[in-house]
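Novice: Spelled out from the first residue to the last, the chains are:
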Amino acid sequence: MISGFSGKVFKSYDGEAFEMLCEVVNEALECAHLEKSEIDGLVTTFLPGVVDGKIHKHFYTTQLAQFLGLRPRFMELFDYGGASAPAMLQRANKAVLNGEATNVLCVVGGKASDLKSKGVTVDSIDRLSADVSLTPFDEFFRVYTDMNPISDYALVATRHSHLFGTTDSQRALLAVKQRQNAKANELALYKNELSVSDVLSSPVVCEPLHLLEIVYPVDGFHAFIVSQKRTADLRAVDILAYGEAHWPEMPCELPELVNTPAQESSKCARFDLSKIDAFELYDSFTITVMLQIEDIGLCNKGESGRFLERVDTTYKGELPINTGGGSLNTGQPAFMSGGVLIDEALRQLNYMAKAHQVSGVDKVFVNCIGGWNRAHSTTIVLGEAP
Amino acid sequence: MLPFIECDACGHKFFYPRARCPRCFSNKLQVKNSAGVGSVFSYTKFNTKSGESVIYAIIELAEGVRMYSNVFAQRIYVGLRVKAIFKELKGKRVVYFEEEGA
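Going down the list, the protein sequences come from chains Y and H. The first sequence runs contiguously to residue 401 in this note's numbering. The second sequence runs contiguously to residue 1012 in this note's numbering.
Read the hints as simulated data drawn from the structure, not as lab findings. Heads up, some of the hints might be wrong.
Below, computed lysine-lysine pairings styled on DSSO-like, alpha-carbon distance capped at 27 angstroms [as the list claims (entries may be wrong)]:
{"no.": "1", "chain 1": "Y", "residue 1": "Lys133", "chain 2": "H", "residue 2": "Lys942"}
{"no.": "2", "chain 1": "H", "residue 1": "Lys942", "chain 2": "H", "residue 2": "Lys1000"}
{"no.": "3", "chain 1": "Y", "residue 1": "Lys133", "chain 2": "H", "residue 2": "Lys1000"}
{"no.": "4", "chain 1": "Y", "residue 1": "Lys316", "chain 2": "H", "residue 2": "Lys1000"}
{"no.": "5", "chain 1": "H", "residue 1": "Lys1000", "chain 2": "Y", "residue 2": "Lys131"}
{"no.": "6", "chain 1": "Y", "residue 1": "Lys131", "chain 2": "H", "residue 2": "Lys955"}
{"no.": "7", "chain 1": "Y", "residue 1": "Lys133", "chain 2": "H", "residue 2": "Lys955"}
Quick caveat: nothing in here was measured; it's all calculated off a predicted structure.
The whole structure should be built from the sequences, with the hints applied where relevant.
Specialist: Below, the structure is given as structure tokens:
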């Protein structure tokens, strides 16, 4: 059960990452009506450079517990990138159900601005430090001029158009619909009216992907507290379904580029799609969401473009997707947005979404993709247990 | 010479080298020489900070193995037939691709 949650996102946080984190953890504790001394479990995620610009933080879970002043009897570290947050909640919940911990603090986020100021992303940090490898084959793979992760997703978009005729306008439509949700979300960074033609006149960053199809990495943390305790002013939100899958292959070694491990991770909840009230799908790029729409079973492979033309996916529509505008409009903290999606799901379930509230929300389906090569997918359905 | 690897035990072919077959884990691997021709499986185009136009692509070699590379071509599309060329980059021989007819 999720007993408390909080998050803070900044275009650029002026201060140390751990300072930013303390504010968020404090609010999550207040939300859960817990004292810090009652936290006996810690789950978190680390990728080189994304917490505070340091390539490595030795014994990271220790450093985090040290700074926060915790004494956990359960700790776990994830490195699934964007797909970490749902997995963290699942493991924390299992620990609690198993009696390994009572109140587990899950922390996800960091500062993208530290890497951005050095001209790299989490997927190109090997350009900054010879001590970091992206793959076991960097000698044969990283010698080329690329713009990863954008260039790898651009390859996927090109292939999707080649195989299925997906148009630039269809991808742009996804951005337009999410902006309609963002306009009603007080947490959104971008709230101007957006049309398909606005998206397509934004600069082409990496053909065929335009600037307004690409997420903006920011600074931020999200904290979630998992326990068996029902918090008085929150709904008793539980994990109704969970699935995970990892396809670590180099994308060029997969049969096709247009499939993600969401095909497997979502099998845990396929039966329930018609009962889902809102979907939060990882949106590093427009094409990422389109792949997941297909891979979780909302439409057949290749048909997400036509799906977007036909279905109202705004928060008021028949099939709400990325109800707060997604990371495309709220930013991608520390290059990974699992926390943003879970936070939005919890806001919806607890009727905290204010102007962008989906009416009658009982179940929210969250799917997160992680890794430049889409290696990780985690699926989680949140709602009150029957 | 553009090498790829074929597993004698299961027939799996791959470009990125491992000491054991990623499919069956056999160490009965053979390094083979590809003909150095193939086609563009997918591509993207972007400008570097210095304004240079770059094509980044996945090339499917005639032998059925795929790899990432940069392509030097005037026109680019999925299916474009390309051939391997070699250039020196920081003292190392790196394989790139250009249009087959070039």
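Novice: Indicate, hint by hint, whether the structure satisfies it.
Specialist: Evaluation of the provided hints:
1. Lys133(Y) to Lys942(H): violated, 41 angstroms
2. Lys942(H) to Lys1000(H): Distance ~26 angstroms between Lys942(H) and Lys1000(H) Cα, so the pair holds.
3. Lys133(Y) to Lys1000(H): holds, 23 angstroms
4. Lys316(Y) to Lys1000(H): Given that 27 angstroms is the threshold and the Cα spacing comes to 43 angstroms, the pair is violated.
5. Lys1000(H) to Lys131(Y): Holds - the C-alpha atoms of Lys131(Y) and Lys1000(H) are around 26 angstroms apart, at most 27 angstroms.
6. Lys131(Y) to Lys955(H): Since the Cα atoms of Lys131(Y) and Lys955(H) sit roughly 22 angstroms apart, the hinted pair holds (cutoff 27 angstroms).
7. Lys133(Y) to Lys955(H): Cα-Cα ~23 angstroms, so holds.
Of the numbered hints given earlier, the model fails hints 1 and 4; all others are met.
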